[in-house]
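Colleague: Put together the whole structure using the sequences plus the hints.
Protein chains: 2
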Amino acid sequence: MTIMGTRRGVLGGIGAGLITGVAGLPAWAQGKRKLGYAIVGLGNYATNQILPRIAGCEFAELKALVSGTPAKLEKFGAQYGVPRTHWYDYKSYDRIKDNPDIDLVYVVLPNSLHAEYSIRASQAGKHVLCEKPMAVSSAECEAMIAAARKANRKLMIGYRCHFEPYNLRAVELVKTGFVGRPTLITAEHGFYAQPNQWRLDRPMSGGGSMMDIGIYSLNAARYLAGEEPVAVSAMEFTDRSDPRFRNVEDRIDWQMRFPSGVIANCVSSYSSGHNAFRVTGTKGWVGMEPATSYAGHQMWARTSGKTEQVMLPPPAKNQFVAQLDHLAESVLSGIPLRASGEEGLRDMRLIEAIYRSAREGRAIQLA
Amino acid sequence: MTIMGTRRGVLGGIGAGLITGVAGLPAWAQGKRKLGYAIVGLGNYATNQILPRIAGCEFAELKALVSGTPAKLEKFGAQYGVPRTHWYDYKSYDRIKDNPDIDLVYVVLPNSLHAEYSIRASQAGKHVLCEKPMAVSSAECEAMIAAARKANRKLMIGYRCHFEPYNLRAVELVKTGFVGRPTLITAEHGFYAQPNQWRLDRPMSGGGSMMDIGIYSLNAARYLAGEEPVAVSAMEFTDRSDPRFRNVEDRIDWQMRFPSGVIANCVSSYSSGHNAFRVTGTKGWVGMEPATSYAGHQMWARTSGKTEQVMLPPPAKNQFVAQLDHLAESVLSGIPLRASGEEGLRDMRLIEAIYRSAREGRAIQLA
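The listed protein sequences correspond, in order, to chains A and B. Residue numbering for the first sequence follows the numbering used here, beginning at 1 and increasing consecutively. Residue numbering for the second sequence follows the numbering used here, beginning at 1 and increasing consecutively.
Take the hints with a grain of salt, since some may be wrong.
Claimed, not checked - Cut-off 30 Å, straight-line C-alpha distance, at most; resulting in silico cross-link-like pairs (DSS-like, lysine-lysine): (1) A:K306 to A:K72; (2) A:K317 to A:K175; (3) A:K306 to B:K306; (4) B:K91 to B:K154; (5) A:K317 to B:K306.
As the list claims (entries may be wrong) - Non-contacting residues of chain B with respect to chain A, defined by C-beta distances greater than 10 Å in every case (computed): (6) N99; (7) P165; (8) V267; (9) Y355; (10) R362.
What the hints assert, rightly or not - One side of the interface only, derived from the structure: several residues of chain A facing chain B at Cβ under 8 Å: (11) D239; (12) L332; (13) G361.
The set of hints was computed from the structure by calculation and includes no laboratory data. The C-beta atom is built at its ideal place from N, Cα and C for all residues, glycine as well.
Modeller: What follows is the structure, encoded as C-alpha cells:
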C-alpha cells in the first residue's frame, strides 16, 4: 500500500503505515501514523465494497478482521495481509481493547447488532464507524451516543453519500439558489429483495425496506432540504401472502413537510427498482438517477427552460475511500464529523415516525 | 372546411357540413351531417386551443359562440365565419334550445360556472362537453349528471389526455405487463401561477392548484393504475403572505393506495414547474416528461436494465381534435363516452378527500 496512491498514482512503497511528511498532506497529518481499522462482519458489503478500498485511504489502513466464520478470517486475512493475531470472533471481540494497532472499528453487521457491537467498541476505547441504519430503535441510538461520549471516542454513521461528489454538488446547487426557492423533493429508492436474506428477518433487520434502502430516500430528502422536517405522513403496502414479507414491510412511501415549505415525496420499496431524487424549485430543478449508487451517478439540471447533464471530474477519492478516511481525519485533526451518531439518531426517530404514521393513518407532527 | 382534411390532406370543398359517403368513414357516419358545436366562454384556452382546431374534426364543426364580451363575438365570429344569428351572451344563452344547428355545447368557463352552464345546456336539449375540473363540488357534479340524464343527452368531461397517443400507449404498456406488477406511480404537475387571474380567486376557481393543474396528476394516477384508490393522504403548503394565495392553496401533494397495492405519489403546485409521470413495477418502468402537455410529449421505458425512448408516429388526429370529435362520434354512433360525467365526479370526490386529508392531517379511507 502506498500513500497518496489513489490521489496521484502509485508512488512506490514510501512510508507505508506512516503518514510521513509528503508534500500536500495537511499539517495535522505530518509525521503521524495511519490509523488502523478493524472491520466487524465479513458479509457481502464488507468484503466486496469495503475491504478492497481501504488501501486507497490516506489516513487509515486495515489492521484487524472480526467474523464468526473462521474460513472468512483465513481467506480475507490472507488476501489483505492481516495476521492471525489480529483476527477476532464475536466472543474474543472485546479483546480489541488490548490491540493498539486498532484505532477505528467499522461495524458492518446486520442492523440489530449495530448497537451492541458499536457500544462494545466504544467501551474498548475505539472510535466507531457504524453502517446505517444506525440501529433498530432510537433508544439504541441514544445508548450508542452515550457510550461513545462516555469513552470520549468518536461515533460516525456510514452515510456514504455525504462523501459522494454528485450528491455534494446537488446540495450545493440547491443551497446556492440554482432551483430558486425549493418546493418539492422527490427521493425514490428500492430494489427487488431476493428471498431468504437477513434483511427480510425482522429480528436481524429491525424492519423491511424502510430499514434498508429507504433510508437513502429519507437522508437524501434531509440533506437536499438542508433543514429538518416538521411533519411526516406515510402509507404502506405489503403483500403478506408473499413469503418474503412474513414479518417486514415491502413498500412504504411518505411525505415530509419542512419549515421552509418544501415537501418531500419519498419512496422505499423491496419490490421495484428506484434510485433517484430531484429537487424542484421556483426556477428549475436538479436531479440524479442513479442518485446514491456505488458508481455511475448521473445528474441533470434544468433552468430557464433548458435541461443539461452535469458532469463532474473524477474525484480524488471515491465515496467509499473518502468515508473511511473521514473518521481517521476527524480523529487526527479534530475536525467535526460530517455524519455523526446524532445524524443517525435523527433518521431513526423519523423512521419511527414514518412507521407510526402508516400504522395510525395520520400525519405525525414532529417536535 | 373539408371532410377528412386532417387525416388525408385537403380534398377540396366536398360535402362541407355533411358527412357524405366518403370511403373510410364508418358506416354510422355515412350520409349524416356533422354536429354543430357552441363554444361557451372565449378565454385563452377556448380561443387559442379549441377554436382553431374544430376545423380538423370529421364529425363536428363550429356553429355558435357564447361570450359576455361583444368584441370577442365580433372578432371570433368574423374569424371563424359564425354569423351574428349564432352569437349568444349569458342572458340569451338558453335560446340555444331554439337553434337546431347547435347539437353540442363545449363549456370552457371558470370552474365555478361549469355546473350552471352545463345544466342549462342539458335543459336546452344539447349534448355537453365540459372542461375539467367538472365543477367545484361533487354535489354540483351529481346535479350535472342528473340534468343530462333527465334530458337524455350526453355529458362528457374534457379529459384531453384520454385522447393523446403517448398517454394511451403508457396505459397500454402498463396494462400489458411491460413494467411487471406495478408498485409505484408518480404524477407531478405544476406551474408558476401569475397573479391576478380568475384561477387564484376561489369564488371563480373553487380552489387552488388542486382544482387546476393538480387534476392532471390525479386523473393520470387513476388511468395509469387502471383501478380506483382505496385510501388517500395529503399534505399542503401555502405561503399565505404571498398575495397570490389569499384564498386558494399553492401546493398540495398526496398519496393514494389502490386495491392491487400500487401507491401513487402525486404533486400539484402553483409555485414550480412539473409535468411528468412514471409507473414503476417489478420489471421496469414507463414514464413521460412532459406527460400531459399540449404537444412535445416525451416517453421513456425501462426494462431488463435498459432505458429507451419511445417514439410514436404522428396521430391521425391530435388530442384536441380527437376529443372534440369523440362527443360527436358518441352521439352519432352510440359508442360509450371515454370521459363521462361519472369520470369527472370520481375525480371531484377524490379532490374533496384530498382537501379533507390535508385539513384533518389523516388518511381518508374511500368507500
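Colleague: Could you run down the list of hints and mark each one as holding or not?
Modeller: Taking the hints in turn, this is what the structure says about them:
For the suggested pair K306 (chain A) and K72 (chain A), the alpha carbons sit about 52 Å apart, so the restraint of at most 30 Å is broken. Annotation: proposed proximity of K317 (chain A) to K175 (chain A) holds, straight-line Cα distance about 24 Å (limit 30 Å). Proximity of K306 (chain A) to K306 (chain B) is assessed by CA-CA distance (about 25 Å); at most 30 Å being required, the pair is judged to hold. Using a Cα cut-off of 30 Å, the hinted pair K91 (chain B) and K154 (chain B) holds, with the two alpha carbons roughly 24 Å apart.
Under the criterion of a C-alpha separation no larger than 30 Å, the hint pairing K317 (chain A) with K306 (chain B) is consistent with the structure, at around 29 Å. Chain A leaves N99 (chain B) outside its interface by the beta-carbon criterion, the shortest separation being 44 Å against a cut-off of 10 Å. In this structure P165 (chain B) is separated from chain A by more than 10 Å, as the shortest Cβ-Cβ distance comes to about 23 Å. With a cut of 10 Å on Cβ distances, V267 (chain B) falls inside the contact zone with chain A, its closest approach being about 6 Å.
Every CB of chain A lies more than 10 Å from the CB of Y355 (chain B), the least distance being 14 Å, so the non-interface label holds. Residue-level check failed: R362 (chain B) sits 4 Å from the nearest beta carbon of chain A, not beyond 10 Å. For D239 (chain A), the interface hint holds, the least distance from its beta-carbon to any beta-carbon of chain B being 6 Å, beneath 8 Å. About 42 Å separates the beta-carbon of L332 (chain A) from the nearest beta-carbon of chain B, more than 8 Å, and the hint is not met.
Taking 8 Å as the C-beta contact cut-off toward chain B, the hint placing G361 (chain A) at the interface holds, the least distance being around 4 Å.
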